[in-house]
Every structure is written in C-alpha cells, then in structure tokens.
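Chains as they are written, first to last, in the numbering used here: chain A, 1 to 284; chain B, 1 to 266; chain C, 1 to 345.
Since the hints were made in silico from the structure, they are not lab data. There could be a bad hint or two in this list.
One-sided excerpt, in silico: chain B residues whose CB lies under 8 Å from chain C [claimed, not checked]:
#, residue
1, GLU160
2, ALA163
3, THR171
DSS-like cross-link-like pairs, simulated, lysine-lysine; straight-line CA separation at most 27 Å [said to hold, decoys possible]:
#, chain 1, residue 1, chain 2, residue 2
4, C, LYS224, C, LYS311
5, C, LYS256, C, LYS224
6, B, LYS250, C, LYS133
7, B, LYS250, A, LYS95
8, B, LYS40, A, LYS95
9, B, LYS40, A, LYS144
10, C, LYS133, B, LYS256
11, C, LYS133, C, LYS112
12, C, LYS167, C, LYS133
13, C, LYS69, C, LYS133
All residues carry an ideal CB built from backbone N, CA and C; glycine is no exception.
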Amino acid sequence: MKREPPQSVADYGPLFFPAGMLLIFFVVPFGTMIAVSFFQRQQGGFYTPAFVFSNYERFLSVFFGGVLGFSLMLAITVAICCVVLALPFTYLLSKMARRLQVVWLVALLSVLSLSEVIIGFAWSTLFSRTAGITNILVELGVMKQAVALSPSFGAVLTGMVYQAFPYTVLVLYPAIVRLDPTLVEAARTLGSSPLRAFFNVLVPALRNTIMATLIMVFIFALGSYLLPQILGRPQHWTLSVLITDQAIYQSNMPFAAAMAVFLVLVTLGLVALTLLIGRKGEKA
Amino acid sequence: MTNWLRRLYFFAIGLFLALPLIVVLGVSVNEKQTLAFPPKGFSLAWYSEIFVNPEWRSALVASVLLATTSAALAVLIALPLSWFLWRRIAPWANIFQVLGIAPFTLPPVITALGLLTFWATTGFYGQPWTAVIGHAIFFVTLPLVTLSLGFSAIDRSFVEAAATMGASDRTIFRTVILPLILPYLVSGYAFAFVLSLNEYIVAYMTVGFTLETLPIKIFNALRYGYTPTMASVTILFVATAAVIFSLVAKFGDLPKLLGAMAADDK
Amino acid sequence: MSGLVLNNVTKQFGSFTAVENVQLSVPHGTFVCMLGPSGCGKTTLLRMIAGLDDPTGGAILLDGEDITKVPTHKRNLGMVFQSLALFPHLSVGENIAYPLRIRGKSREDQKKRVDDLLSLIHLSGYGDRPVSKLSGGQRQRVAIARALALSPKLFLLDEPLSALDAKLREAMQVELRQLQQKLGITTIVVTHDQREAMTMADTVVVMNGGHIRQAASPIEIYRKPADTFVADFIGSTNLIETSADSSGDATIFGHKIPGLTLPSGMQKATISVRPEDVHLTTPGNGAISGIVTFVRDLGGTIETFVEAGGKQIVAVSTPRARPNVIAGQQVGIVLAPDVCVVLKQ
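In isolation and in its complexed conformation, chain A is listed as follows (with noise of 0.2 Å):
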C-alpha cells in the first residue's frame, strides 16, 4: 500500500459520502443564506429573490451600530477576562501531576460543554434574590438584605466569562504544555523570582499565542445568545441574538441573513488575522 495520489475513481470513493454531506448541508446552506440577504422581503414573513442592497443598509442606523458596538465589547471584554484568568491557571495546570491535570481536564469539559440555557438557568439562580449568593453574605452578616443581581450587565459578563474560561484554557493548553520547561528554569538560575519569570519569560514567549486566543476567544463570545437574554436587560442583547429575533420572531429572513454575513466578514476577518500573527510567530 503506497502513499500516492488517488489514481482510479475507487480511490477517490471514500471522499464521497464525507464531501457530499459537507457541499450538501453546509456550502449549500452557508451559499442559500448569502443569496437571501440580498433578497426583497415581503410583508407576511416571505421574501422574494432580488438583488437589493437594502437589507445591508439597514443597519448603518444608530440603533445596529449601537448592537454591534456592544456586540464587539462585550466578546473583547469577556476575551480579556478569560486570558487573564486563564493563562497562569493553564500554566500552573501543566505542571500538575498528571492524574490531578487529567482531573481538571475533565471538569473543565464538563463545564464547557453545558448548554447556555443551562449556565444560563444556573447563574440566574445564583444571582437570584431568593436562593441566590446574597442570602450567603445576609448569613455572613455582610448584607442586610438579600437582593437580586440580574438582569445586569455584570450578570452577563460573569455568565459569558464562566462559558469561555474552560473554552480559554483548552484552546491554551497544547501551547503551554509544548513550552519547553528549561526557558523558566534558566530564568531562575539567573534569580528570578517564580512571579517575575513567569511575568519576564513566559509571558513574552507566549505573546503570539496569547493573541492567537484572545481573537479565538472573541470569536467565541461573539457566537454567545442565550446568556445575554436570560441574565441581561434588552440593551445588552447582542448580534446573535438580534440575528434570531429578527429571523424567527420578525420573519425578516432577508435583514436576519445580512447580518449573520456581517458577523461571518467579522469573524474571518480576525480568523486571517490569527493565522497571519501564527505566521510571524514562525518567523520570529
């Protein structure tokens, strides 16, 4: 059996289940929802195909630019707060023993792969006046009173924070576990402090890495939609979730797929730029 290319149609065989089911239910689909955006929407929740810029325009108003203004802030804020946490917490993890950081691994997983209706659900509770962390601090004595602390923007942070940190910290992992350990160790011999080496050397060498997260991190936050329904006020909905209200709820299909075109150009856009920062760092 040699590594060749394919040289009959047999060879090719494998490739056609995976590459029809792809074309099929995703370039397809991705092609349909671009060609939508540019149709004519009718009243009644029915669009007619045309080729309009209309749907685009819409949100050069002061309303969208506003959502997307959030959008964009909310996912760097949550980016910024996830990579600072992250990074000494993923660094010191892959130091661990390895039964203690397969631990961890798993519990980080577990967290990442909950639905957002449920951190959602979850963190609604903790912010709840009745059953929520304030009634702790009442007990402490800390608080007279026990109050409810969502709907509110630190709701929504704390929410989006507690769905990336895991997100963060994996996409960090392979990275730092690839360090090679003898760059903090030099540093040592040479008399630096643990804090200032981590701070002097490893931060410096990870620089590219970091921002290579932050980007991805972004991307994830930016996909976030229930979080900001459940745990914010309607100011602090963001794309996402304009995006379905408008397909779903306003049957505005046309106006709901420009949109998420939009949020596509975005996401790309800092996707090439990831990639090109990866590129330097080879370099360097």
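Based on the hints, put chains B and C in the right spot on chain A.
Okay, now just chains B and C, sitting in the frame of chain A:
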C-alpha cells in the same frame, strides 16, 4: 508563586466553576416547588419528574435520540474523510477538512441560520431528521480533529509491514488501522454526543417548533417562571458529561487528545 | 533464472535520481548486504524490491517472473523494518500469526506455526506477552519471526539492527546469519555498518550516489576494491597517485615498484594499499624514503604515519614486525607489487 497562593488561586477558580452548579444542586432537592437556597427539606422527586412527567420524558428521549444519531453521523462523515487525507496524497482535499472545521469555528447562529434558510427553501423545515443532519454537520469538527490526531499517530510502517505480509488495502484497514484508531473514534463520538445533548440554537432554529429537546424545553420553561425540574435536569447533564469525559480519560489519553503531544514524556 | 534479478532499475523523485540503472542478480539462497553512506539509494532500492515504491524505469524479476507491477501484498515476501513495525494492539503470538490469520489459516495451524517460530527464535512461552513488555533484542527476533511466518521467497531487512547496542548487535548478526543458512532463504539486508555486512553477507553490494559501485564477496571487496570510493569506504586505505614510465612499470614518488605494471595505455592511476600491507624498513635499498610524523601505539597494533613525497601514508603492523622508530626518524617504505590494487580513475 508561593504554594498557598497557588492553592488559593486554584480554589477560587474551582469555586467559580462549581458554585453555580452547587446552588443548582441545592435547589434541585427542595421539597416544594420553590426556588430556595439553602434547600428547604430534601426530596429527589424532581429527579424522578424528568422520567415521569411525559413532557420532560419526551424531551429527554428526543435529546438522547438526537445526540446518539447525530454523533454517529458525524463520525461516519469524519472517518472516511480523515482516512482519505491520511492515506492519499491529495492536498486539494484538505478543503473538506476546512469545511468540516468551519461550522464549529463560526458563531453557531450562522450555521443555524444557514440551515434554517436551506430547510425552508427545500421545504423540509421542521422535520425532526433535519436536526440530526444539522448537529452532525455542526459537530463533525470534533471527530474530525480526534481522528486526524489519531491517524497522525499511526506509524506508516505498520501499514507497509502489513502489506509485505500479504494484507490488501481493505484487510489492512480492518486488522490494523481500525483497532489503532478506535480510541480516537470513540472519543470523537463522545465529544460530539455530549455537545449535541447540550446544543440549543441550531436545534431551536431548525426544529424548535416541532421537536422539543431538553435544552429547548428548559429555555421554554424558563420563560414561564421556575420549575425545580430544570435544576434536576441540569445536574443530570453535568453528571452525564463528567461521566463520559472521565471514561474517555480512563480509556484514552486525555491530555494527548487535547493536543498535548509532550504528554508521553512525563 | 531462480532468484532475484534487477534489470536497469531506476527511481526518480522529481528531478532527483535516487537509484540509477541498477543491474544486479541475486541467486536463490544468497545473503546480500547493501552497504553505503546514507542517501546512497540502498533503502529506496530495497523498498522497490518490496513494492513499497514504484521504479520509474527498469524491471524487477523474481524466479524469472516480472513482479515490477505486482502490488506488495501479492509478492510473497517477509520484511523487517527499521522501526520493526510490530503491531502495538497485538500480542507477540498474534503479531507472528498475523500473516497466517489474514489468509484464513485455521487456529490450530496458526498456533503450531507460532510455537515453531517462537522456539526458532528462542522465545518459547512468550506468545501471550504484549510487545511493549519485550526488550530490544527480543522485539528484533519477534519481527524476524513474523517476517518468516509464511516461508517467503524473499527476506528483506532495512537496517534491522540499528536500534540495538553494539554488543547485542554483534550477537544478532551471527544469529541472523545462522538462521538464514538454516532456512536457505534469499535475504537482502540494507545497512550502513560495514562490519555487519562483512559478518553476514555472501555478497556485499556497495552503493553510492544511486549506483552500484561493486558487488562481490566481502573478501574480494576488501582485497580488490573496484574503485577509489569502495577502497576508501570499506576499511581504511592509502590512495597513492602512480604514473607509468616508458616501459609501463609503475613509479611512486619517483621510485620504481618492481613487478607492478599499469594496464597498457594507462599513463596515470591511483593505487590502493591497505595499511597492514605497507612494510617499513631502514632507509635505502631502493625503498621509498619518508619521515615518521606520528606513532600511535594501540598495544596490539602500531599505526605509523609517514610523510613521503608530500603525502601521508599509514602503516599498521604488530609491534614486533616493524623497526622501532619514533617521530622525526627516516624510514624506508616497501610496497610489494601484489598488495597494490590499481583502481579505475
């Protein structure tokens, strides 16, 4: 960082991750239908409610069915693709690898909306089986990544050795490649299964009005207020995920699966 | 003809020619070692014989049948890989039984053959162990047993002993040679270790730059190297420029070597003289004169470095067979005509 500071830091992170779940665990055993913590009284009634109440039960059945079948379909897509890419020299075919990873990388609302427009255009909107395909496409990334990792770990001389001993391509696949790739296949399936079980938006936008999965059911219930069954379902989900990932960790090399190639040296 | 024949076999990777017009015939039952520096094309040649790479030109014949286009799994061979390629998901016994199992042989047949082979490689009772629990030498033997399970027509080994430590390697060389003689199977081993080749082979094939430079018995390769590459690659040697005088007799540094003539028409040549064939005497008496520059006394042998005619010549002898000289002293060098090998330029 001194030792106690490191412990404190890990404890704080652990608490942050566990606290909401602890509170939910607490409210799930409340005796009455109230949202109270610490719980008032103790009862497991809200756990049996998942299986007894026909609405929750049918949501559970729908979710498990969807996760089982869509994860299987995702593996069926990923296995031949990753095998082909490993077996043949065909750089252009890497485009399908990219296509397989894209849905998971883009914000989920995009895959969801794409599938919604597609099913609406083709007239299948709302059919339960469309959710199976939707989840399979959305989560095909996971088996694709684990299997690619698995294939890259197979020494090609195994295959050549088998060929010199008289094994045909098909026999090699059955007797050498499949046994070696099986752990990666199972973990790919497990990842896709757990994530499908928890997925909301793709399911909601494609079949939300005809099929109620557990996440959809929880969200719908949440709009009309609180019922403790949400809490018990949440705990059930966390427990399921933890058990499945523990099994993956027990029978496979979890650090390696998550990309830590250096794990072998430790 | 029975045996293996390579007919003008060529392999190109893009514009790089790894193997060029190789012509070789290996009679049935012969033990062949392919020897050469890394990148000389020996492994590529072996892989083409196994069908793991396709030649871009020429033909490979086995027992008179052209097998150039026959896929690997129909060639009936046994091969041991450099990495050994023992299947990690199978036990020792299952590894050895693999070729039998995929041919649908009965369980009893498999077990009997595995037991026979295990005793042949002195590992009886190891059948149920996982491969990972074996030592390097034991794995080596299991890989050999697995390759021989079907009594193949051709036994191929790619650097089979390179992972073993020096002592074990030498023991395995002897063991492998004895096994091959017992079974009488045509065997081709690729190696870069000339001691290994000299120990095991009936025929040593020296390769360089994708060409066969010489194919002959070990002693002939050593005594009568075909060209400067072979002379230099196998053991150590003195390569000395020679020119013919008007009568065709060879002269070195102006000294006539009585009895040594260059082939007619050849004006200049390089001759190879092994260090142990360089005889040192007192100066004069028609000997080439030189100055000792360094003496390396290794106890059992002494290496003497002599500068003569601007060239360094090394002589190796036992301590008693040479005059007692020290660095800076003048000596005479005597080269007997029968130890000088005239090489192709």
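Results for each hint:
1. Taken as an interface hint, B/GLU160 checks out: its beta carbon lies about 5 Å from the nearest beta carbon of chain C, inside 8 Å.
2. Look at B/ALA163: its Cβ gets to within about 4 Å of chain C, closer than 8 Å, so that hint holds up.
3. At a threshold of 8 Å, the smallest CB-CB gap from B/THR171 to chain C is about 5 Å, leaving the interface hint in force.
4. Pair hint C/LYS224 plus C/LYS311 holds up; C-alpha atoms about 23 Å apart against a cutoff of 27 Å.
5. Between C/LYS256 and C/LYS224 the CA atoms are separated by roughly 22 Å; this keeps the pair inside 27 Å, and the hint holds.
6. For the given pair, B/LYS250 sits about 21 Å from C/LYS133 by alpha-carbon distance, which is consistent with the 27 Å threshold.
7. Distance restraint check for B/LYS250 and A/LYS95: the Cα-Cα separation of roughly 20 Å lies within the 27 Å cut-off, and the hinted pair is therefore satisfied.
8. Proximity of B/LYS40 to A/LYS95 is assessed by CA-CA distance (about 42 Å); at most 27 Å being required, the pair is judged violated.
9. For the hint pairing B/LYS40 with A/LYS144, the CA-to-CA distance comes to about 21 Å; that is within 27 Å, so the pair holds.
10. Distance check on the hinted pair: C/LYS133 and B/LYS256 sit about 22 Å apart at the alpha-carbon level, within 27 Å; holds.
11. For a cut-off of 27 Å, the pair hint linking C/LYS133 to C/LYS112 stands: about 23 Å separates their Cα positions.
12. For a cut-off of 27 Å, the pair hint linking C/LYS167 to C/LYS133 stands: about 21 Å separates their Cα positions.
13. For the hint linking C/LYS69 to C/LYS133, the alpha-carbon distance of about 39 Å lies beyond 27 Å, and the restraint is violated.
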